[in-house]
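**Student:** As a plain string of letters, each chain reads:
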Amino acid sequence: MAQLTRRAAALNKSLPAAILAARGLATASTSPITVETSLPFTAHKIDPPSRSVETSSQELLTFFRDMALMRRMEIAADSLYKAKLIRGFCHLYDGQEAVCVGMEAAINRKDCIITAYRDHCIFLGRGGTLLEAFAELMGRKDGCSKGKGGSMHFYKKEGGFYGGHGIVGAQVPLGCGLAFAQKYSKDESVTFAMYGDGAANQGQLFEALNMAALWDLPAILVCENNHYGMGTAEWRAAKSPAYYKRGDYVPGLKVDGMDALAVKQACKFAKEHALKNGPIILEMDTYRYHGHSMSDPGSTYRTRDEISGVRQERDPIERIRKLVLAHDIATEKELKDTEKEVRKEVDEAIAQAKESPMPDPSELFTNVYVKGLGTESFGADRKEVRTVLP
Amino acid sequence: MAAALLHGVGSTTPLSSVNYNNSRRSLPERKRASFLIQCYGSLLPGSKIGINRAAKLSTNAVTTKQDNVTASTTSKPGHELLLFEALREGLEEEMERDPRVCVMGEDVGHYGGSYKVTKGLADKYGDLRVLDTPIAENSFTGMGIGAAMTGLRPIVEGMNMGFLLLAFNQISNNCGMLHYTSGGQFEIPIVIRGPGGVGRQLGAEHSQRLESYFQSIPGIQMVACSTPYNAKGLMKAAIRSDNPVILFEHVLLYNLKERVPDEEYVLNLEEAEMVRMGEHVTILTYSRMRYHVMQAAKTLVNKGYDPEVIDIRSLKPFDLHTIGNSVKKTHRVVIVEECMRTGGIGASLTASINEHFHDYLDAPIVCLSSQDVPTPYAGTLEDWTVVQPAQIVATVEQLCQ
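Chains as they are written, first to last, in full-length UniProt numbering: chain B, 1 to 390; chain R, 1 to 401.
Treat the hints loosely; a few may be bogus.
[What the hints assert, rightly or not] DSBU-like cross-link-like pairs, simulated, lysine-lysine; straight-line CA separation at most 35 Å: (1) R:K298 to B:K371; (2) R:K298 to B:K110; (3) B:K186 to R:K119; (4) R:K329 to B:K186; (5) R:K329 to B:K371; (6) R:K328 to B:K371.
Hints were generated in silico from the structure; no laboratory data involved.
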């Protein structure tokens, strides 16, 4: 539970204490509540974990606030993109927040997460601030990558977040490398290598999986199956859309990715398994409301009815809201207030990010090499600069 | 006291009596004859190839110990090593020094490395530290990069540089660019090494020169070793460097023998090596072509020319300081390389020298490169794709008129 209070504290950094007390988060109890997941887990070559998840009112409120924050951030990014303050590619995560939030609840900051380009919310989950996120999206100096990365290249080294990768599937071998390093250093931590249903058809994924299984690396491969790989539905791209079974000799678990508690249970289970037995695949059955990216309306390959249907029946924030109300943890009004605060927080961050300057032109040449090597010629002991190469 | 350099160029296969049934390494099996020397003169098209004509090369041809080399052999006797042994020694010293250094590649562990560079290391350091990977270049290179992101210092071995084309995405996007796109948060202290270049009738796919494809990738450093002395020094420097370094070895140079110092030495990654000082013309070269150039230099000296030979060693970035000083002295440049004519290292170097030292040139730069063809299997055809000493001699004669 310590990690939850830490997370709650981190998120509430900007809020004055008065609101904190009024909302009751500080006084929310940590006594356990047991909730059943919406669907049972489907397992491949392993015994699935139980459907009963232990949670607490504090955790549920934290889930609600975190997901509301993420949702608000993505919607705000949508408007910023249309206002041409964000350029290039922008891949939004709204609808999939439960995967990120549930995963964070099950792990600590020593565990590593690596994902593809739909990384804004996972960055927040790993300790990134709204200012860093918006500044990076707008290409400003205060961004997490100093404005040099952009939407697809969010990283947070202290938070154990390894990015943020544009090329589909390339992050999975990197993730196995992270797991290799964890095994090499005997860290007792795991790596979550996330990818989508589109990337699940990449060869390098199976290569990496083979190696992870061969050497029992503590790698957990998480397939965020939102059923559309860019503009193509999964049944048109994959002969076998049962991604959790694709590991063959590697056990797999299919999880309802719109249920944060199910995700938390699955990730906890996967972490225990990976530390003892090696890799496991988690398939998160989730959905994205936006298109693949901001240049994709998202309605040419699926119907608006489908999108609104999922929003009505399976929305992750609504599910937590119902739970909170059902267990009398907070009132309707308090939740609405939370959402208003979150909105205000996001607006403030955007305003602050807009103030942030563009990177200095000299930044074009920094961070290409470490310590200027490559343009300077050092002595053999690498201490004395012999000359600067033209 | 220059050590006599015996070229084992004729016996080019790895020193193993194991039969190569693996179709990937389709090298003909040859017995290792000690110090078999193939005279370069016999490689001229139309002449007979005489294998058993032992000719001791003159010590002037390759000045490894005389001039500006930092470590001297006068203090201690040094020890003789073959190039692959020098690489292994450098690797082992670094693994001993830093527990984060690890090796991964195909056949590096139990087999000992297809060119014996990692022989014995798996027994000493264990299977996790000298890791036998499956044949999956894309993902084990990616794995190495991921491990480097956390602070390990992996050395990824490509069994042949040509196979690393499969890992191009990982090398370009993740290895080269991650330091930049993360705003400096992650360093990638990885070394990617392997043999490349034209061998003895290895066929087109196993005779590629990858330095021309990799040279545009921002964020990486590239070095090419050519002697046991610089192989060991560059290997150590590459491992200690915090930047990703690609170390190009050559299939035909693994059996070169040389005396290396006993004391520890690390070379400079960004510096070129002055092989022979001269006055008339600057010949820039690297890797195997260094030996063709030195063979040609012998002929040129006999004809009264005085070429300055520089082994550029650092392919990215170029050591324009050393090269520039040489150009300012001689005013004529010949580049001899094994890359293709189009888009090779020579092309970039020509552009670079023209840009920086145009005023010092008396004549246009001549760049001798391999032909823009896939390397044929037939021995005679293969010889014609690569630059031969006779061509170098003719070029210099014409340039110095």
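**Student:** Hints first: check each against the structure and report whether it holds.
**Tutor:** Cross-check of the supplied hints:
At roughly 41 Å between alpha-carbon atoms, K298 (chain R) and K371 (chain B) are farther apart than 35 Å, so this suggested pair is violated. This hinted pair does not check out: K298 (chain R) and K110 (chain B) have alpha carbons roughly 61 Å apart, beyond 35 Å. Straight-line distance between C-alpha atoms of K186 (chain B) and K119 (chain R) comes to about 26 Å, which keeps the hinted pair within the 35 Å bound. Restraint check: the Cα-Cα separation between K329 (chain R) and K186 (chain B) comes to about 57 Å, which exceeds 35 Å; the hinted pair is violated.
Annotation: proposed proximity of K329 (chain R) to K371 (chain B) holds, straight-line Cα distance about 32 Å (limit 35 Å). Simply put, K328 (chain R) and K371 (chain B) have alpha-carbon atoms about 30 Å apart, close enough for the 35 Å limit, and the pair holds.
Figure legend: structure checked against the earlier numbered hints; hints not met, in rising order: 1, 2 and 4.
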